[in-house]
Every structure is written in C-alpha cells, then in structure tokens.
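Visitor: The residues making up each chain are set out below.
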Amino acid sequence: MIRTKNIAVYEKYFKYLIVFIVSIFTILNFLSQRSFERDIANNDIKLNSCEYFIFSKNLDTQKNEIKFDLNKEDIYVFPEVANLMCLGKIGDLNYSNDRILGNVYTNTKFINIILFLFNSFILTLNFFVKDFKDSTYFLSYIFFNLGILYNFYNSLNVISLNFIFVPLIIYFFSKTENLE
Amino acid sequence: MLFTFTALLFFQISTYHYETLDWDINAFLVTSLEFGRGNLPFEYQYENKPPLLFAIFYLFSIITNKSLVYINLLNDLIICLILGQTIFLFNTEKKEIKINNFLPGLIFILLISNVWFHPSYSEYLSLFFIVSALLIYKKLNSIYKYFLIGSLLALSSLINIGTSIFLVCFLIIYFIQEKKIIHKIFSTLLGFGFIHTISISVYFFNGALEEYVMAMLFIPLSYGGTEFSFSNSITVFLTSFISYSFYIYLLLLVSISIALFKVSIIIKNQNIKFKNIEILFFIIFSLLFYSLAGKGYYHHLIFFLYFVSLSSIWIRNILNNRYFTIFVFVTLFLSLNQYKDQTFENIQNFYSIEDSYPVRSAAGTIIKKKLDYENIFSSEHVLLLYYLDKQNSSYIVHPALYDYEEITSVLIDFDKISQNEIYVNSIKNQNIIEGSKIENINSDFYELDFEIVNQHLLNYWDADSKLKIFISKK
Chain Z
0 MIRTKNIAVY
10 EKYFKYLIVF
20 IVSIFTILNF
30 LSQRSFERDI
40 ANNDIKLNSC
50 EYFIFSKNLD
60 TQKNEIKFDL
70 NKEDIYVFPE
80 VANLMCLGKI
90 GDLNYSNDRI
100 LGNVYTNTKF
110 INIILFLFNS
120 FILTLNFFVK
130 DFKDSTYFLS
140 YIFFNLGILY
150 NFYNSLNVIS
160 LNFIFVPLII
170 YFFSKTENLE
Chain X
0 MLFTFTALLF
10 FQISTYHYET
20 LDWDINAFLV
30 TSLEFGRGNL
40 PFEYQYENKP
50 PLLFAIFYLF
60 SIITNKSLVY
70 INLLNDLIIC
80 LILGQTIFLF
90 NTEKKEIKIN
100 NFLPGLIFIL
110 LISNVWFHPS
120 YSEYLSLFFI
130 VSALLIYKKL
140 NSIYKYFLIG
150 SLLALSSLIN
160 IGTSIFLVCF
170 LIIYFIQEKK
180 IIHKIFSTLL
190 GFGFIHTISI
200 SVYFFNGALE
210 EYVMAMLFIP
220 LSYGGTEFSF
230 SNSITVFLTS
240 FISYSFYIYL
250 LLLVSISIAL
260 FKVSIIIKNQ
270 NIKFKNIEIL
280 FFIIFSLLFY
290 SLAGKGYYHH
300 LIFFLYFVSL
310 SSIWIRNILN
320 NRYFTIFVFV
330 TLFLSLNQYK
340 DQTFENIQNF
350 YSIEDSYPVR
360 SAAGTIIKKK
370 LDYENIFSSE
380 HVLLLYYLDK
390 QNSSYIVHPA
400 LYDYEEITSV
410 LIDFDKISQN
420 EIYVNSIKNQ
430 NIIEGSKIEN
440 INSDFYELDF
450 EIVNQHLLNY
460 WDADSKLKIF
470 ISKK
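First to last, the sequence lines map onto chains Z and X. The first sequence stops at residue 179 when you use numbering that gives the first Met the number 0, and every number in between is there. The second sequence stops at residue 473 when you use numbering that gives the first Met the number 0, and every number in between is there.
Among the clues, some could well be false.
Here are the computed lysine-lysine pairs in the PhoX-like style, where the Cα-Cα straight-line distance is at most 20 Å [said to hold, decoys possible]:
1. 71/Z - 108/Z
2. 261/X - 174/Z
3. 56/Z - 71/Z
4. 267/X - 132/Z
5. 267/X - 174/Z
6. 267/X - 129/Z
7. 144/X - 178/X
By construction, these hints were calculated from the structure, which means they are not laboratory data.
With these hints in hand, go ahead and build the complete structure from the sequences.
Guide: Right, dumping it as structure tokens:
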C-alpha cells in the first residue's frame with residue numbers, strides 16, 4: 000500500500016476538481032438544451048452544427064409539440080479534436096413536414112475509453128493508495144459516471160455499462176472479501 | 000446434483016421441436032456417416048473439424064439409430080457429465096460437497112440457457128475432455144497423471160483443433176504451481192503426441208495422410224489471416240445477451256468482476272500462487288480461443304462462459320456467498336419459468352416429436368416415392384443427405400464453407416475443389432435464398448413437390464425459410 004503526504008493533499012483537490020468539471024459541463028449542456036427549447040418555442044432554431052445539446056433516451060421524440068426525428072452520427076475525435084465539443088450535441092437540422100430532422104453526434108469508442116480509464120484509475124488509486132479515501136472514490140465515481148450518462152447518453156452501449164459497473168463490483172469485493 | 004441435471008435438460012429440451020438449430024451440426028452428421036462407408040473424414044468429404052468429432056457423432060448415430068432427438072439428448076448428457084465434473088473440481092479433501100460446489104455449474108447452465116448454445120457444438124465435447132484433464136490435474140495422484148492430461152487434451156484437439164491452445168495453458172500452470180516441471184511437461188507432451196501419432200497413423204495407413212495434413216494443419220493455419228474485431232464481436236454478443244436476460248447478463252458481469260478482482264489481488268500482493276489460480280489462465284486462454292477462431296460466433300465463447308462461471312468459487316465472504324447464491328437461484332427460477340411451456344410440450348410429445356421434423360419428413364417422402372435421388376440438390380439442407388445416407392456431391396459438406404476464402408484457397412491448392420465449383424455453389428445458394436432466379440436451376444432440376452406440415456420449424460433462425468429440394472431431370 001502506497002502512502003505519501005503529497006497524495007493525501009492531491010486526493011482532496013482531486014474530488015473537487017472532478018465535481019467542478021462535471022458540474023460545469025453538465026450545467027452548460029443543460030442551459031444549451033433550455034436554449035434549444037426556447038428557440039423551438041420562438042421558431043428561431045439556429046441551424047449551426049453543435050449549437051444545441053439534447054438529452055433524450057428516445058431519438059424520435061417530441062418537445063413543445065414539435066416532433067424530432069434524430070439519428071446518431073459517429074464522428075471522429077482524432078485528429079479532429081475540435082469535434083470533442085460536438086459529442087452529445089445535435090446538428091444538420093432541417094424542417095420537414097412539421098418535423099425536425101437532424102443528427103446527434105456520438106463516439107462510442109472514445110466515451111468507452113474515457114469510462115474505462117477513469118473508472119480503472121480511481122479504482123486503482125483506492126486499491127493501492129491508502130490515503131485515497133472511500134468517500135473520494137464514491138464521490139468521483141458517482142459524479143463522473145452520472146455526468147457521462149447525462150452528457151453522452153447516445154454514445155453509450157452495452158460495453159459502457161460494463162465499464163461503469165464492473166469497477167464498482169470489484170470495489171465491493173475489495174471491501175468485503177479477504178484479500179490474502 | 001439431480002437438480003442441476005434437471006435444470007440443464009429443462010432448458011435444452013425447450014428447443015427439441017426444432018430439427019435444425021445450427022447447420023454446423025447437420026454437416027457434422029453428414030460427414031460422420033463416412034465411417035459407415037469405410038472412409039475417413041477428409042478422404043471424400045470435408046467438414047471443418049477434426050476427425051474424432053465425426054467418430055463421436057457416428058457413434059451417437061449408431062446408438063440412437065439416427066434419431067436426432069436422442070442425439071441431442073446424448074449431447075446434453077455430455078454437458079451433464081461436465082457439470083458433474085465441475086461439482087468435484089472444488090470439493091475439499093474432506094470430500095464433503097457443499098452448495099458452493101454446485102454454483103459454478105448452475106451459473107454455466109444459465110449462461111448457456113439461450114438457444115444460441117443449445118446445438119450439439121463440438122465445444123461441449125472438447126470441454127468435457129479439458130475439464131477431465133483439469134479434474135485429473137487437481138485430484139489425481141499418480142505417475143501417469145501428466146501423460147493422461149496430455150492424452151485428454153489431444154482428444155480435445157481432435158474434436159476442435161483450436162483447443163490445442165489449452166495445452167499451452169496447462170504448461171503455464173505447471174510453471175506457476177509445480178516443481179520439477181521438465182519431467183511433467185515431457186509427460187504431458189508425450190501423452191499429447193501419443194494420441195496424435197495414433198490419429199496420423201490411421202490416416203497414413205489408409206493413404207489419406209495428405210488430406211489429414213491439409214485439414215489439420217494448412218487450413219487451421221490459414222485462419223490466421225482472417226480479419227476479426229474482438230471488441231466489436233464481444234459488443235455484439237453482450238448486446239444480444241442483455242436483450243435475452245438482464246439477470247443472466249448481470250450474473251456474467253459479476254463473474255467477470257470476480258475474476259478481475261483476483262487479478263487485482265495478484266498485482267497488489269505480487270504473488271501469483273493462490274488456490275485455484277488455474278481458472279484465471281483458463282479464462283484468458285478461452286478468450287484467446289475466441290480471438291484465434293476469428294469468426295465471432297457465439298459458440299466460440301462456450302469455453303469462456305464455462306471458465307468464467309467457475310470464478311464464483313473465489314467468493315469467500317459468507318454474506319456475499321449467501322446473497323450470490325440467492326441471486327443465482329432466483330435467476331434460475333425466473334429463467335426456467337420462461338421456458339416451461341415449450342419444455343413441457345416437448346416432453347409430452349417426446350416420442351412423436353421427430354414426426355414433425357421437415358427434412359426428415361422430406362427424406363421419408365423421397366424414399367417412399369422411390370425417387371431416383373442419385374442427383375439430388377439441396378444446397379442449404381445437407382441434413383437430407385444424412386437421412387438418405389448419401390455423400391454430398393461436392394467435397395465440401397457445409398454449404399457456408401464456400402464463403403470462407405481461407406478454406407477454399409487451401410482446398411483449391413490441394414485440387415479438392417475448383418474455382419468454378421465455388422462460383423456455381425454461390426449462385427445456387429443465392430437462387431435458393433432469394434427464390435428469384437430459380438428457373439436457372441429448373442433447366443436441369445425439377446423441384447420436389449411434397450407436403451410438409453411444419454415448414455416453419457425448419458430453421459430456428461429464419462422462420463420464412465422454405466425447404467426446397469431439386470432432383471435432376473436426367
């Protein structure tokens with residue numbers, strides 16, 4: 000078990016950093032969705048790509064009596080790093096028979112890598128670093144994964160579920176099972 | 000133990016009303032009849048599996064008088080034997096059998112409860128020999144132990160050539176757990192080599208060594224060049240699994256987590272020697288098997304599902320164990336409930352179930368009408384050849400193998416098939432599948448007109464599939 004004074008100090012900042020980043024990102028997306036709903040009501044939809052965020056489990060949805068017919072479109076994030084800001088956003092919007100057609104930009108592979116790396120990282124810290132407290136693990140885990148679920152819902156697949164739940168089950172076993 | 004076997008049969012019998020769940024099995028059956036004609040597999044008929052598999056299927060055919068229901072039942076008994084072995088894999092030296100000993104078997108039953116795993120795949124027969132080798136490794140104290148392990152692994156590789164990688168798995172386990180390993184490795188390799196020498200000798204003395212080398216060496220090696228995405232295939236499998244049963248999927252997730260938890264303990268304690276560590280290597284090698292097979296078929300995951308289900312024996316915490324056991328039993332009863340109607344119906348109609356089999360009834364019609372079936376053509380339903388006890392007109396038995404360039408290229412090199420034959424077969428397949436250009440065939444063949452009650456039971460995967468059989472006009 001690793002124990003250093005520096006890690007204990009960073010551990011405190013780490014959880015706040017995660018909470019801060021996820022919260023800011025989520026609030027911005029939430030405001031973007033509100034702005035989208037407002038623009039629909041005012042019939043003033045901006046047709047720029049990645050202008051609006053939408054959280055919807057169903058891609059054929061209805062908001063303010065306007066029907067949406069959205070499709071997932073996988074976009075590259077490397078080397079087009081700027082596309083990162085488009086993940087979870089909608090674009091290519093156009094009207095067709097009282098219906099708004101468009102795409103939700105996704106990248107399942109990238110989101111899965113992020114999920115895998117982050118969840119493995121905090122699990123490893125919790126497992127090997129004594130000063131990395133359980134409360135920090137849980138706070139980071141819950142905030143990060145809920146953040147991913149809300150902001151990148153359409154990029155997730157069954158493998159994402161594994162990357163979310165398997166580390167949690169391993170954590171549970173590490174706390175309840177005999178480690179020797 | 001009786002409960003475990005009953006649970007397995009309950010799931011398996013639910014699909015007995017289908018004559019064909021996977022056309023791989025049809026090809027095994029047709030090829031197996033070569034033994035009855037005094038030929039060896041690969042001599043005149045090729046199917047992409049080693050010869051012992053066909054010998055076992057031939058034996059099944061003799062025992063059951065070619066009854067597919069009883070052949071299925073025999074195969075399910077092989078799975079019962081695997082479950083029986085599993086119970087004894089982890090019992091303590093006091094020889095007491097606890098409920099924990101049954102858990103891996105019950106989890107395995109649940110993981111293979113879906114129809115994807117119901118056909119009599121070669122993996123089950125191979126698994127039987129691999130688990131036998133593992134059981135001998137863990138329980139037997141004899142000087143012949145390692146020779147026996149090698150022999151059993153050789154038998155497994157003569158059923159499914161890809162399982163040869165488990166020999167490497169055993170050798171790695173020796174390195175970790177054993178002392179004086181040189182002698183043990185030598186004995187294992189001797190056992191492995193001994194069985195393969197017998198097999199090669201049989202082909203050599205029958206003048207079919209070239210075919211044997213082609214089927215057992217060149218074709219498996221050509222598989223290495225196939226494109227395969229491991230992550231995509233696993234994603235497809237898990238997505239299908241989650242839609243089949245969320246509870247069983249959760250069970251799989253927990254089992255994988257336990258295995259990964261063990262890996263983290265190894266890293267943390269920097270000690271690889273602990274009880275039942277071999278399971279971890281079997282899990283890794285079964286994933287390697289799936290990857291090397293390079294096709295992404297679900298049945299290539301049978302080894303993985305078996306070995307990952309064994310990871311439940313690592314749960315030591317009494318409370319965790321209790322909750323996990325309850326979860327397994329609840330999932331089992333929920334799943335059994337899902338299958339009960341069809342299973343009971345099949346049990347009630349057990350003795351007459353074969354009467355509704357479409358290809359069997361078509362074969363019966365052909366025999367009854369005394370049709371000249373010397374030039375019969377049915378590209379998809381090779382099972383007809385099994386009932387009529389006929390060789391396929393082509394060297395390749397399984398119609399799908401024409402689509403695998405890695406196989407056809409080797410067969411062309413060995414002058415077993417021609418490029419034209421591949422083209423003709425693909426055209427014929429298209430004609431039958433689409434049903435649009437059937438007139439091309441009609442110039443040479445006429446379509447057999449017969450009444451079959453259960454056309455819809457012809458193929459589990461494609462309910463619209465129709466049995467079309469053509470007979471030469473010549």
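Visitor: If a hint holds in the structure, say so; if it does not, say that too.
Guide: Here is what the structure says about each hint:
1. 71/Z - 108/Z: holds, 14 Å
2. 261/X - 174/Z: holds, 13 Å
3. 56/Z - 71/Z: OK: residue 56/Z and residue 71/Z at ~12 Å, within 20 Å.
4. 267/X - 132/Z: Holds. Residue 267/X to residue 132/Z sits at ~17 Å (cutoff 20 Å).
5. 267/X - 174/Z: holds, 14 Å
6. 267/X - 129/Z: holds, 12 Å
7. 144/X - 178/X: holds, 15 Å
Checked against the numbered hints above, the structure violates none of them.
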